[in-house]
Amino acid sequence: KAGVTQTPRYLIKTRGQQVTLSCSPISGHRSVSWYQQTPGQGLQFLFEYFSETQRNKGNFPGRFSGRQFSNSRSEMNVSTLELGDSALYLCASSYQNGPPQETQYFGPGTRLLVL
Amino acid sequence: LAKTTKPISMDSYEGQEVNITCSHNNIATNDYITWYQQFPSQGPRFIIQGYKTKVTNEVASLFIPADRKSSTLSLPRVSLSDTAVYYCLLPRGGNTPLVFGKGTRLSVIA
Numbered sequence: 001k002a003g004v005t006q007t008p009r010y011l012i013k014t015r016g017q018q019v020t021l022s023c024s025p026i027s028g029h030r031s032v033s034w035y036q037q038t039p040g041q042g043l044q045f046l047f048e049y050f051s052e053t054q055r056n057k058g059n060f061p062g063r064f065s066g067r068q069f070s071n072s073r074s075e076m077n078v079s080t081l082e083l084g085d086s087a088l089y090l091c092a093s094s095y096q097n098g099p100p101q102e103t104q105y106f107g108p109g110t111r112l113l114v115l
Numbered sequence: 116l117a118k119t120t121k122p123i124s125m126d127s128y129e130g131q132e133v134n135i136t137c138s139h140n141n142i143a144t145n146d147y148i149t150w151y152q153q154f155p156s157q158g159p160r161f162i163i164q165g166y167k168t169k170v171t172n173e174v175a176s177l178f179i180p181a182d183r184k185s186s187t188l189s190l191p192r193v194s195l196s197d198t199a200v201y202y203c204l205l206p207r208g209g210n211t212p213l214v215f216g217k218g219t220r221l222s223v224i225a
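So the sequence lines, in the order shown, correspond to chains A and B.
Going left to right, the first sequence walks through residues 1 to 115 as our numbering numbers them.
Going left to right, the second sequence walks through residues 116 to 225 as our numbering numbers them.
Any given hint could turn out to be false.
Said to hold, decoys possible - With a straight-line cut-off of 25 Å between C-alpha atoms, the simulated DSS-like cross-links for lysine-lysine are:
| no. | chain 1 | residue 1 | chain 2 | residue 2 |
| --- | --- | --- | --- | --- |
| 1 | A | K57 | B | K217 |
| 2 | B | K118 | B | K169 |
| 3 | B | K118 | B | K184 |
| 4 | A | K57 | B | K118 |
Stated by the list, open to error - With the C-beta cut set under 10 Å, the calculated list includes, among others, these residues of chain B facing chain A:
| no. | residue |
| --- | --- |
| 5 | Q157 |
| 6 | P159 |
| 7 | F161 |
| 8 | Q164 |
| 9 | G208 |
| 10 | G218 |
In case anyone wonders, no lab produced these hints; they're calculated from the structure.
Being a predicted model, the structure only gives us computed values, none of them experimental.
Just so it is clear, CB atoms sit at the ideal spot from N, CA and C, and this is done for glycine as well.
Okay, chain A solo, but in the shape it has when bound (with noise of 0.2 Å):
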């Protein structure tokens, strides 16, 4: 199977654009999370969607946004960038996001820079 896929790999913005970043989870996979990674605050948690639901949505501001379509891909939108949104942004599917002991597969990640 392929693994989780997430374009584009690399991305330059500057302050005030938005950006959407897209993920494909792996065949089968129905929740896909989001994951933005700094240097500063780690591995923090965004939103996950299941089924075409937010399930679940971390603290971040309204700016950032998600969505997922029927064939279980996924896009997050961050509008009006600012430079702290600098970061790797990772995307995770597993089946359902059911038991605790289901692996969550991660993508190689968006490195989005902002100017």
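Given the coordinates of chain A, work out where chain B should sit on it, guided by the hints.
Just chain B now, kept in the frame of chain A:
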């Protein structure tokens, strides 16, 4: 609650055995102890998971004492490619997000 691994960072020579410990005093009955590995500029990768006693796979061994309040990840004969950050997690499941701590930064030296 993020789990703390010890040491925070460490250097090891190739071929040595490396042990990283994780404390989870308030582990719940249903919690599984899970370790992820993250290489620079990549997403974390699941390496091993256990509930009790000892689990071994092709990458590592996980030792869990009877009280389950701690666990030890053991990497036998590390190589340069084992240079990474190692995280200990207790995923709760039920669409509860994974909570990552700072992890242990392992640098393997030739």
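Agreement of hint B/Q157 with chain A interface, Cβ distance less than 10 Å: Check passed: Cβ of B/Q157 comes within 6 Å of chain A, closer than 10 Å.
Agreement of hint B/Q164 with chain A interface, Cβ distance less than 10 Å: Where the cut-off is 10 Å and the nearest Cβ of chain A is about 6 Å from B/Q164, the hint holds.
Evaluation of the interface hint that places B/G208 against chain A, nearest CB under 10 Å: It holds, given that the least Cβ distance between B/G208 and chain A is near 3 Å, below 10 Å.
Quick one, are B/K118 and B/K184 close enough, alpha carbons at most 25 Å? Holds, at roughly 11 Å.
B/K118 and B/K169 were given as a pair; does the straight-line alpha-carbon distance stay at or below 25 Å? holds, 20 Å
What's the verdict on A/K57 and B/K217, does the C-alpha distance respect the 25 Å limit or exceed it? holds, 21 Å
Should the hint that B/P159 touches chain A count as held when the rule is a Cβ pair under 10 Å? With a closest approach of 5 Å, the B/P159 hint holds.
Any CB of chain A closer than 10 Å to the CB of B/G218? holds, 8 Å
Decide if the proposed pair is consistent with the structure: A/K57 and B/K118, CA atoms, cutoff 25 Å inclusive. This hinted pair holds, its Cα atoms lying about 21 Å apart.
Against chain A, is B/F161 within 10 Å by beta-carbon distance? holds, 5 Å
Every hint from the earlier list agrees with this structure, and none is contradicted.
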